[in-house]
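There are 2 protein chains.
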Amino acid sequence: MRSEKFLTDNPLEIAELGEFGLIHHLTNDIETKNSETLKGVGDDCAILQYPEGRQVLVTTDLLMEGVHFDLQYTPLKHLGYKSAMVNLSDIYAMNGRPRQMTVSLAVSKRFSVEDLETFYEGLRLACDAHGCDIVGGDTTSSLTGLAISITCIGDAAPDKVVYRSGARDTDLICVSGDLGAAYMGLQLLEREKAIYNSQLENEKLRMKNASEGAKAVEEFQPDFSGREYLLERQLKPEARRDIIQALAEAGIVPTAMIDISDGLSSELMHICQQSHTGCRIFEERLPIDYQTAVMAEELNMNVTTCALNGGEDYELLFTVPLTQHDRVSALPDVKIIGHITRPELGLQLVCRDGVEMALKAQGWNPLKVESS
Amino acid sequence: MRSEKFLTDNPLEIAELGEFGLIHHLTNDIETKNSETLKGVGDDCAILQYPEGRQVLVTTDLLMEGVHFDLQYTPLKHLGYKSAMVNLSDIYAMNGRPRQMTVSLAVSKRFSVEDLETFYEGLRLACDAHGCDIVGGDTTSSLTGLAISITCIGDAAPDKVVYRSGARDTDLICVSGDLGAAYMGLQLLEREKAIYNSQLENEKLRMKNASEGAKAVEEFQPDFSGREYLLERQLKPEARRDIIQALAEAGIVPTAMIDISDGLSSELMHICQQSHTGCRIFEERLPIDYQTAVMAEELNMNVTTCALNGGEDYELLFTVPLTQHDRVSALPDVKIIGHITRPELGLQLVCRDGVEMALKAQGWNPLKVESS
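Each protein sequence line maps, in turn, to chains G and W.
According to this note's numbering, the residues represented by the first sequence are 1 to 372, in order.
According to this note's numbering, the residues represented by the second sequence are 1001 to 1372, in order.
Isolated chain G (complex conformation) (with noise of 0.2 Å):
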């Protein structure tokens, strides 16, 4: 681990190839591949046609660089991976179907176009294994960090759109995957982070020369051997288009979803809200993987707390009618963790002990301070 290195050394300058010389280098063998995509980058629009009665749905999202990604531990192709997974997983979460994207990059003198190649590599592996193209977008330059602003369409037949607002009282609950590894990946991160920074400097300090410091802990050797799935759910999340299809299969239509992308307690609070009801959920039903359950142990963390309000799972969280619960339960990777009720019984977390808790919204949110 070094600082930045990601970062690609001896970099083909940005500037020798000016914005629409980039945009063209980074795009011009994209094919796109949906019959609705007339035409992608390349004009001042893109071009879509779809077919009637089909729903157009769509999503946007905005990455900053020191918010919501450390390039000093994120590899620019897993973050190019990562930023189209967070839009594929908006559109799965109305129970749709990914087919455009547009990607806007501004990128700061540091970056060369091989950083910004492998950034697309990533972006380009996640669109093509979920069969959606890229259709435009914008590459311009930063003062300061990189920004990457994606907005994603897709599309749906009417009745299949799946809103947060259509939860009913009795509805079970069920969300799919495990929760609370990829905050524990990025817990483990910023620690190894942490370790390499302050060797580094002491280095330095020892040295009184930052170069020699710097190439004395190169070879510094973070520990991660039995975290690779907490790592892998921090850098490489996966849209769950098999939970999509898997319901789609055994012909259940959810009564309401949502992407679990701040956390389970923070995206049930939506559901509930706009579909006016209540919740009860139980701790032992949380899926939590070994490794999550480790870590949290470690770190002297609450791993419930870690499984609530952790944030990035990219998991499907839903609700359907108690009727469907065999149909639901038959389902792999797709738990029941509780179910809806009338909006006066409030949100509820019922403990291992019996013990009934209020369910609060400490999800990850950038703008909000710390209460601590």
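Derived from the structure by calculation, the hints contain no laboratory data.
Be aware that one or more of the hints could be misleading.
Estimated spans, in silico, between C-beta atoms of each pair [to be verified]: (1) G:225 / W:1121: 29 to 37 Å; (2) G:299 / W:1028: 35 to 43 Å; (3) W:1294 / G:33: 48 to 56 Å; (4) W:1028 / G:170: 29 to 37 Å; (5) W:1344 / G:129: 44 to 52 Å; (6) W:1030 / G:273: 12 to 20 Å; (7) W:1030 / G:276: 18 to 26 Å; (8) W:1038 / G:191: 26 to 34 Å; (9) G:114 / W:1294: 42 to 50 Å; (10) W:1190 / G:110: 20 to 28 Å; (11) W:1033 / G:332: 41 to 49 Å; (12) G:170 / W:1018: 40 to 48 Å; (13) G:276 / W:1249: 42 to 50 Å; (14) G:332 / W:1075: 51 to 59 Å.
Every beta carbon over 10 Å from chain G, so not counted as near; a handful from chain W, in silico [as the list claims (entries may be wrong)]: (15) 1030; (16) 1128; (17) 1194; (18) 1195; (19) 1198; (20) 1201; (21) 1205; (22) 1206; (23) 1293; (24) 1331; (25) 1353.
All C-beta atoms in this analysis are idealised placements derived from N, C-alpha and C, irrespective of residue type, glycine included.
Got chain G sorted already, so can you dock chain W onto it with the hints?
This is chain W only, laid out in the frame that chain G set:
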């Protein structure tokens, strides 16, 4: 003029609202008006449904503080307005109609809720004037400057969409409005900023007290008299819906079209490159406002160079078949500046003295190194 005068004093802290509170605060009274907008802000995605046969246009722009705008002289309301216009203009450049917009902002701590309200005021003013629904977005934090990412969606009948690539030999080259004024407005603002900043420095040195110094020059009045048009072109550009409507009423579908954001030369090159043609334009026909000419002289700049390469005009550049000469001549605020030629003739500017010069794209390019 004072440093970042347009940021509010005694602000309501963004942190008090948090991300969801802030989004709700900024968007809760937005009503969507277009029939294709089924669902706006408030779920994982916006939902649209276009009637059969309409083509959907998508464009996106990322604007970064310090690169695309300077908050020392750009009021936030104007910034919101202009951010929208930049995108609306791209939809018109395809001969389309803007319909929906998503808006993502990354803001640093120095912004208050009121600041964002002011930004949104300008944004909504632009969207209302152009019949465009605000349907979603993302509001997050930035460690440094303000980042604005907007995606605009529009529609058009398939036989009305105009690409950059349709220009043919002998087509007339037309441009709306006038050129170079926005660039002159920028020069003017930069000049007054430099004067203000140096006065501030002098006062600080004299008084050895920054706050008194600041106070002493707070009354500083930049000299903008007689230059109002230049300022308006820079700070409050108008996307040319009127031209699109006038073309439609006159029964003209341009063969190629683009909006002038990076300068006439650069945009003309895009059209010729993608249409595989050359062009000849005439210096004496370039539409230049009186204020632009006066300001260029004052700054000892060549006004033709400003018109060719200034950028940010957001006028429409389009080509029509020679047979439509009379119809296009009758359009208000449109000027024929030259014609399309065979590709081997290159891109030529015929100067006032009859000399022909090859056109170069020297327009604004945020990623290109300055070649002096």
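Cross-check of the supplied hints:
| no. | hint | in the structure |
| --- | --- | --- |
| 1 | G:225 / W:1121: 29 to 37 Å | violated, 55 Å |
| 2 | G:299 / W:1028: 35 to 43 Å | holds, 39 Å |
| 3 | W:1294 / G:33: 48 to 56 Å | holds, 54 Å |
| 4 | W:1028 / G:170: 29 to 37 Å | holds, 30 Å |
| 5 | W:1344 / G:129: 44 to 52 Å | holds, 45 Å |
| 6 | W:1030 / G:273: 12 to 20 Å | holds, 18 Å |
| 7 | W:1030 / G:276: 18 to 26 Å | holds, 21 Å |
| 8 | W:1038 / G:191: 26 to 34 Å | violated, 46 Å |
| 9 | G:114 / W:1294: 42 to 50 Å | holds, 47 Å |
| 10 | W:1190 / G:110: 20 to 28 Å | holds, 26 Å |
| 11 | W:1033 / G:332: 41 to 49 Å | holds, 44 Å |
| 12 | G:170 / W:1018: 40 to 48 Å | violated, 31 Å |
| 13 | G:276 / W:1249: 42 to 50 Å | holds, 49 Å |
| 14 | G:332 / W:1075: 51 to 59 Å | holds, 55 Å |
| 15 | 1030 | holds, 15 Å |
| 16 | 1128 | holds, 20 Å |
| 17 | 1194 | holds, 18 Å |
| 18 | 1195 | holds, 23 Å |
| 19 | 1198 | holds, 22 Å |
| 20 | 1201 | holds, 22 Å |
| 21 | 1205 | holds, 27 Å |
| 22 | 1206 | holds, 31 Å |
| 23 | 1293 | holds, 29 Å |
| 24 | 1331 | holds, 20 Å |
| 25 | 1353 | holds, 31 Å |
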